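Asker: In the working numbering, each number is its position in the sequence shown, counted from 1, plus 121.
Hints were generated in silico from the structure; no laboratory data involved.
The structure presented is a predicted model; accordingly, all values stated were derived computationally and were not measured.
There could be a bad hint or two in this list.
Claimed, not checked - Calculated cross-link-like contacts (lysine-lysine; reagent style DSS-like; alpha-carbon spacing at most 25 Å):
1. Lys186 - Lys224
2. Lys538 - Lys518
3. Lys133 - Lys535
Unchecked claim - What follows is a set of in silico ranges between Cβ atoms, one per label pair, in the way DEER data are often shown:
4. Gly437 - Glu539: 48 to 56 Å
5. Glu509 - Thr370: 28 to 36 Å
6. Gly551 - Lys224: 38 to 46 Å
Think of the CB as a built atom: it goes at the ideal place given N, C-alpha and C, for glycine as much as any other residue.
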Amino acid sequence: MKRIALHNLGCKVNGYEMDVMQQRLIENGYEIVQFDETADIYIINTCTVTNIADQKSRQMLHRAKKRNPEAIVVATGCYVQTDEAALIKDTSIDLIVGNNRKKDIVNILEEYLMAKENNNLSPDDKTLQNKTVIDINHTDEYEEMQLTSTRENTRAYVKIQDGCNQFCSYCIIPYARGRARSRREEDIMTEVSGIAAQGYKEIVLTGIHISSYGIDRGGRELLQLLKKLNEVKGIKRIRLGSLEAGIITEDFVKEISKLSRICPHFHLSLQSGCDDTLQRMNRHYTTREYLEKVEMLRKYYNKPAITTDVIVGFPGETEEEFMCTEKFLEKVNFYEMHIFKYSKRQGTRAAAMEDQISDNIKSERSNRLLQLSEKMSKSYRQSLLGEEVEVLFEDKKEIDGRKFQLGHTRQYIKVAKETGKDLNNTIINGILTGFAADDIMLIN
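Could you build the full structure based on these sequences and the hints that come with them?
Answerer: Dropping the structure here:
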């Protein structure tokens, strides 16, 4: 039995694909071990969102070969799609698997192992005559993968699409993932029904750009999919991954507000609160339009959790532009913000822009927004005190010597209940009464 260690460096989409690969390897008799153990095969699911991500991917691949020089080191993921030539030359890497071939990981490994055993491999055979890596920018193939269980025991991520057509000026992902491609509705329904049968109560819809689901078939189909998923027996919660402002219309929000299982937790990607910066980023909305979308959500949902992403230090961002962003964020009043310092990515338009911002200015602006995020997050949680919420419990934790069960509300607020009972994968309603810790609320 071959011992395999897997490590994921990427996003939730990469995590989903890693779970599927692991599932197929287990089904075919491979033993899964921790990445810091000695293994016969190491599979690294790489990321390429920034130059730093590329560097981390290379470091992890080299670390695996150093841990066991006799092991087969497999590189897969987005970095593979953007720099295949460099990986072929890298002596620490034995096999390269493109993003569109992860579902075939067992067959690819067995073919490689057989060729190696028969001494039929040359140094240039890392991609097995390019069977595993294609020009992903010229394919309309959606790589169908089916998941029946995940590393989490209450929540399952379900990938519904791949690729992106947006071409934001800072982003390499359209080149690593290709154009937007939607998964067949019947395949999604089959997977979700199987997940529900395994006892999972919550699903999170994920993809590179889920707002474009169905666009490759002539129209947006996310609402239609949500209506059908809302009827799957056993699924109690449907949580949406990152959305673009363009999909938020009066009709869309009105219709999803009628679906009882949709969680009032919306991650609406922003990136900047300054229109001039948004234009340089090639984002397809203005701050006025974005605010209108947030107001639509708040019109149909009572205190929805609105979260977002913000990039600071984008090329050309003046102090005035940053202050414009800061004021806009305060005006929207998010529950939570993910703050990123702009990181140059070769191959993108932003990397060649003038007026690149220094690291110390990026850090100073990032710190300011992190403090603002903490303030807004605390304010939002305090606004929920005294309200009845539904909690899906997932874990246990000891706080100040007291035993608690931890879970999340539909708004994705972390909650604790003091009890000695095992409430794992149980949904309970309670009143929010206070705080067990800065970021954990209490229910009775």
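Asker: For every hint, state whether the structure bears it out.
Answerer: Hints versus structure:
no., hint, verdict
1, Lys186 - Lys224, "holds, 24 Å"
2, Lys538 - Lys518, "holds, 10 Å"
3, Lys133 - Lys535, "holds, 19 Å"
4, Gly437 - Glu539: 48 to 56 Å, "holds, 51 Å"
5, Glu509 - Thr370: 28 to 36 Å, "holds, 30 Å"
6, Gly551 - Lys224: 38 to 46 Å, "holds, 42 Å"
Violation of the numbered hints given earlier is absent; every hint is satisfied by the structure.
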